[in-house]
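Participant: Count the sequence shown with this note's numbering and you get residues 353 to 674, in order.
None of these hints come from the bench; they were simulated from the model.
Owing to the predicted nature of the structure, the values given are computational and were not obtained by experimental measurement.
Each hint can be trusted.
Estimated spans, in silico, between C-beta atoms of each pair:
| hint | residue 1 | residue 2 | range |
| --- | --- | --- | --- |
| 1 | ALA533 | GLN426 | 35 to 41 Å |
| 2 | ARG560 | LEU613 | 16 to 22 Å |
| 3 | ARG635 | GLN358 | 37 to 43 Å |
| 4 | ALA584 | GLU366 | 45 to 51 Å |
| 5 | ARG561 | GLU366 | 41 to 47 Å |
| 6 | LEU529 | GLY640 | 15 to 21 Å |
| 7 | PRO604 | ASP647 | 51 to 57 Å |
| 8 | PRO605 | ASP639 | 36 to 42 Å |
| 9 | GLU656 | ALA596 | 15 to 21 Å |
| 10 | PRO467 | ASP374 | 21 to 27 Å |
| 11 | PRO416 | GLY640 | 33 to 39 Å |
| 12 | ALA584 | GLU656 | 40 to 46 Å |
All residues carry an ideal CB built from backbone N, CA and C; glycine is no exception.
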Amino acid sequence: MGAALQAKAIVLSEPLKLGLQDLALQVPGAADVVVDVAYSGISTGTEKLLFDGSMPPFPGLAYPLVPGYESVGQVVQAPRGTGLREGDWVFVPGSNCFEGVQGLFGGAASRLVVPAERVVPLDATLREKGILLALAATAVHCLRPAEGRSREAFAFPELIVGHGVLGRLVARLTLALGGQAPTVWEQNPLRRSGADGYTVTEAEQDPRRDYSRILDVSGAPQLLDTLIARLAPQGELVLGGFYAAPLNFSFPPAFMRELRLRVAAEWQAEDLRVALRLLDEERLCLDGLITHRADPEDALEAYERAFADPGCLKMILNWSAS
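Generate coordinates for the entire structure from the input sequences, incorporating the hints supplied.
Facilitator: Put into structure tokens, the structure is as follows:
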């Protein structure tokens, strides 16, 4: 079966040119698992940069490529000794299993071949919500201070900038982990609803200028001076978005406040374990975050809507019929 494996996959042949193609898969190795994908998510951060060609130079980045790193499906083939069985539901954070195209991300396909150690077993009841695991782990990572990432220590933001999926997850996690309810800034009125236990407002309606910790997940590089001006002395600004343009800020206000600046990068295994534990304990809720669904055959329209429609929090592709 290995040599004949095929999959339908989303292929970005070049910026702005995307479609569904039939691809051959690499022969599974002795430590690989084969997964039939049921759902994959579209990232409005990383994948948008890949789609419009604005992604900065990145090791291994080249077109054509299969995007996606948020996939959920069922195991159809697994090596012995992994604890995985046929029919198990798993989360797959991307793959590199395609012949003839790049798989730097590689999750948006109907079937994947992945090292068994990379897949994450899921409670079958999660189904499509499982695609949110990468963002949930990223949200946990945003809450970890640099000096506490090896322990279950958290630094909660008083202000979160951006009420997309990541901003909502950070707010929910802050409350779930015992932090005080944060304030959230969101300029788009279509995204101000959906708060539970915290306040969402516009920056202009917020008079505070003494936040001890601000987390920006908007990805908007022009906001730095605005956010620094809202910090208390020795306050910390955490950058949790991805910024394609160079970042700069005026030095005197940062100097007067003795600004602390931290970048939250990729989530780690421990972040994922925390997110899974909170889900299992029903302390973290993923409801209301997936707002749009599409068939892979309508991928171009789905990607364009995911990137352009502020009412679309999270778009997923349903591969079940592929």
